[in-house]
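For the protein sequence lines, the chains are A and B, in the order given. Heads up: the first sequence is residues 1 to 187, going by this note's numbering. Heads up: the second sequence is residues 1 to 82, going by this note's numbering.
I should point out that these hints are in silico values taken from the structure, not numbers from a laboratory. All clues stand as given, with none of them false.
Using 30 Å as the maximum straight-line C-alpha spacing, the simulated DSSO-like pairs for lysine-lysine come out as follows:
#, chain 1, residue 1, chain 2, residue 2
1, A, 27, A, 84
2, A, 116, A, 27
3, A, 173, B, 24
4, A, 84, A, 115
5, A, 84, A, 173
6, B, 76, A, 27
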Amino acid sequence: MSDAECVRRLQRGETDAFEFLVRRHEKTIFNLVYRMLGDYDEAAEISQEVFLSAFRAVGQFRGDANFSTWLYRIALNHASTRRKTLGIRQRRSMSIENADPLSDPQPGPSDVLEKKEIRERVQSALNQLDPEDAEVILLRDLQDIPYDEVARVLEIPVGTVKSRLHRARRALKSRLASYFCAGRKAV
Amino acid sequence: MNCQEAQTQLSEYLESSLDALRMKSIETHLLGCPVCRAEADGLADCIQEIARLPIVDPPMGFAQRVMAHARVIEVKSSPWQS
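Assemble the whole structure, with the sequences as input and the hints as a guide.
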C-alpha cells in the first residue's frame with residue numbers, strides 16, 4: 001500500500017493504516033532525529049512525538065507534497081526545538097557507542113576503537129553546528145535526499161539549499177579539520 | 001578561475017553536479033592550487049564520514065508504542081466516546 005493510500009485511509013478514520021506508515025518510516029525518521037540530537041533515548045522520545053504529531057495533523061495533510069517530505073519537516077521541527085532546549089548538554093561529547101552497530105563483520109580491537117572515535121567526533125561536530133546547518137547536511141549527506149526534495153522539506157529554494165549545504169559542510173570541516181589533518185599525516 | 005570562484009563551487013564539484021565545462025575548470029584549478037585542493041579534500045572527508053555513519057535501529061517495540069498512543073488519541077478525539 002502506497003503512502004498516499006495509507007494517508008487516504010487514515011483520513012477516513014482507518015487508524016490501522018497509520019501502522020503501515022510508522023513501520024515504513026520509523027527507521028529513517030529515528031536516524032534523522034538521532035543524528036540531530038546525538039542521544040538515543042532523546043531520539044526515541046522525539047521520534048514518537050513526530051509520529052503522533054503527524055497522526056493528529058493528518059487531516060490537514062493535503063497531499064500536495066509526499067508524505068515523507070511532510071514527515072521529515074515535522075521531524076526536523078521537533079528535533080530542532082529539542083536541540084535548543086538541550087543546548088548546554090549538546091556541547092558535551094555524547095557516547096553513542098551503545099547504539100551504533102559496527103558495519104564490519106569481525107573488526108579487530110583497534111578498528112573498533114578507531115570507528116568509535118570517528119563516530120564520536122563526527123557526532124560531536126554535528127552537535128556543535130547551527131541546527132539549520134545540521135539539518136541540511138543530514139538530509140543530503142546522510143539520507144541522500146535529492147536537492148529538490150530537501151528544498152521542499154526545508155521550504156527554501158534549491159539554490160539556497162546548495163549555498164546552505166556548502167556553508168554547512170565548511171562549518172563541519174572546520175570542526176573536524178585537526179582530526180583529518182592528523183589522519184593524513186599518519187598515512 | 002580564481003580560488004574564490006573555485007571554492008564556492010566545491011560542494012557541487014564533489015557531487016559531480018556541475019556542467020562539464022565547470023567541472024573541468026575546477027579540476028584544472030585544483031591541479032595547480034594546493035590550498036583549494038586541501039579545501040576540496042576536507043569537504044570530501046566530511047561528506048564521506050557523514051555517509052558512513054551507521055544506521056541505528058529504533059528501540060524494540062517502537063511502532064507498537066506509537067500505535068498504542070495513537071489509539072488513545074483516536075478514542076479521546078472521537079465525539080461518540082465523550
